[in-house]
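The listed protein sequences derive, respectively, from chains A and B.
Position 46 (the first sequence) corresponds to 46 in my numbering; numbering is contiguous.
Position 133 (the second sequence) corresponds to 133 in my numbering; numbering is contiguous.
Think of the hints as simulated: they come from the structure by calculation, not from any bench.
It is possible that part of the hints are untrue.
Said to hold, decoys possible - Derived list of chain A stretches under chain B, where covered just means 3 residues or more per stretch with a C-beta under 8 Å from a C-beta of chain B:
| id | segment |
| --- | --- |
| 1 | 59–69 |
| 2 | 74–80 |
| 3 | 84–92 |
Said to hold, decoys possible - Pulled a few chain B residues facing chain A out of the computed Cβ check, cut under 8 Å:
| id | residue |
| --- | --- |
| 4 | Ser52 |
| 5 | Met111 |
| 6 | Gly113 |
| 7 | Lys119 |
| 8 | Val156 |
| 9 | Ile160 |
| 10 | Trp184 |
| 11 | Val186 |
Note that beta-carbon positions come from the ideal geometry of N, C-alpha and C, so glycine has one too.
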Amino acid sequence: MKATALTLILLLGAFSGFRIPTPFPVPEGWPEPVQDVFDSERTELRIELGRMLFYDPLLSRDTTISCESCHSPFSSFTHTDHALSHGISDQSGTRNAPVLINLAWQKQFMWDGIADNLIQQNQFPIHNPIEMDMELDLILERLQAQPRYRKAFLLAWQDSLINEKNLLHSLSHFQFSLISANSRYDRVKRGEEQFTPKENRGYRLFLLHCNSCHSEPLFSNGGFATNGLPVDTTLMDMGLKTISGRSEDSLLFKIPTLRNIEYSYPYMHDGRFSSLSAVLNHYSEAVQQQVNSPGNLRSPLKLRPEEKVELMAFLLCLSDKEFVFNPKHSFPRKTLFD
Amino acid sequence: MRFPILILLFLTFFSGKQADHSKITGVRPALSFGKQTTLSMDQWQLLPNGDSLRISQLRYYLSTPGGDWVKLVDLKENKSITPPIYQKAVMLGIDSITHEQYSLKGDLDPMQGMYWTWKSGYIFFKLEGELIRKGDYHAISLHLGGYQWPNNSCFVMDNISLDGVSILNLDLKPLLETLPDGNWRVMSPGTESRRCLKILSESFTTRL
């Protein structure tokens, strides 16, 4: 009886989970992705399992913190609660959590680019003592003890013995599925809508002042740059230099995407600006020149007040509300395994 | 004959105005330290106990059981709030029924910056600021909440009715004086968060 049920489950898994791979949707006009979970096939069930894991606090030592704690869907998978991320026991981190969207187009992850693939990146917060402070072996034990996870892993991976690879691949498949490409900007580019004159002037200002680093259509060129901010003397975060050790990398931080910027406050690597207007004021009036500053940040942009308003109007066109409220990405009250 | 009509009109006018008063007039949130010291946002203020305090953010949720009426109060915006029409009991925070409804709209929109996660729910009370006590500097970050057992911290504010009042004052003295030195950072549901919310729920008063 048990064997028949198991066979049925495996058959169901074979049809619903493996035979219908989901193609990677590349939005029109976008480049080809540079990242993927290369050695496992993407399926709906694996993405769904990744979603369950992403929202589950059992991934942290005291079961209080999930990935979602710092990467909430409502803020484009970052957090808006405070400037610096915090982990278990209310410990404070040292950086502002980045948004988790369009990850397949990113060559490196984290503000200092320490990880060059998502499977590696996912392990940093899990092991970090001021974030989840957890060991993978213990997570596997906890998951194995839960019938719903045994069933989900069996259906998604045809293996009820939960292992590290399937855990990390599931998490990565889910995060790669977080593609945000339906903002007003995208609809204008597809010819479905038109910018207002103000937004259009803002777009031109954007192309002039911002596009070299925050390049469309991803609104990041994937590189590293200084942001003209003085170093926070408490955090002493030197960015890429922390990893490379090279003095020329001092205060270089990964250039974040501007997509969904309206939802992802506070801003900058240390979350020091709580509003978008504060960021614009910084680039307009307060940029500090550094030896490795990019050409257009050698001096403040000196935007006129009306130009700031126009630029802001354009930046708000990058908001993809449908994405942040998409139930496919939200907390799994009901899953494909139920 | 004209005289009684005028009196009648006069009475009608005033009785009407009085009846509207409780419905139309909003309640203005205020902040104090003790009974005498009014607190302002974003300003360093010397307190009667010798501390210096600067509050950069103070936001909290008021609601009625079941979530028919939910208001996010932001002391920085200085906006008055419209009291609930049908229910008298007002809570500091949001109860589990409202959480389970998963409304996510208006004041409950997670983009208001007062939502943790599905497990922790909404931040009921957020206080950010700085305090200097006995020469020592403390950054204050109190993000308080919790709707699930055993950390359920949504308390009814006893003896508080917003009907017909014009000021809802929160006295921060009881909270700030009971926080032990060094514990100025509470960022998740738990015993300390619950304790602080209990104190806060008893620190509100109203004025006509």
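Hints, one by one, checked against the model:
{"no.": "1", "hint": "59–69", "verdict": "holds (count 4)"}
{"no.": "2", "hint": "74–80", "verdict": "holds (count 3)"}
{"no.": "3", "hint": "84–92", "verdict": "holds (count 3)"}
{"no.": "4", "hint": "Ser52", "verdict": "20 Å, violated"}
{"no.": "5", "hint": "Met111", "verdict": "6 Å, holds"}
{"no.": "6", "hint": "Gly113", "verdict": "4 Å, holds"}
{"no.": "7", "hint": "Lys119", "verdict": "6 Å, holds"}
{"no.": "8", "hint": "Val156", "verdict": "26 Å, violated"}
{"no.": "9", "hint": "Ile160", "verdict": "27 Å, violated"}
{"no.": "10", "hint": "Trp184", "verdict": "11 Å, violated"}
{"no.": "11", "hint": "Val186", "verdict": "7 Å, holds"}
In this structure, the earlier hints numbered 4, 8, 9, 10 are contradicted, and the remaining ones agree with it.
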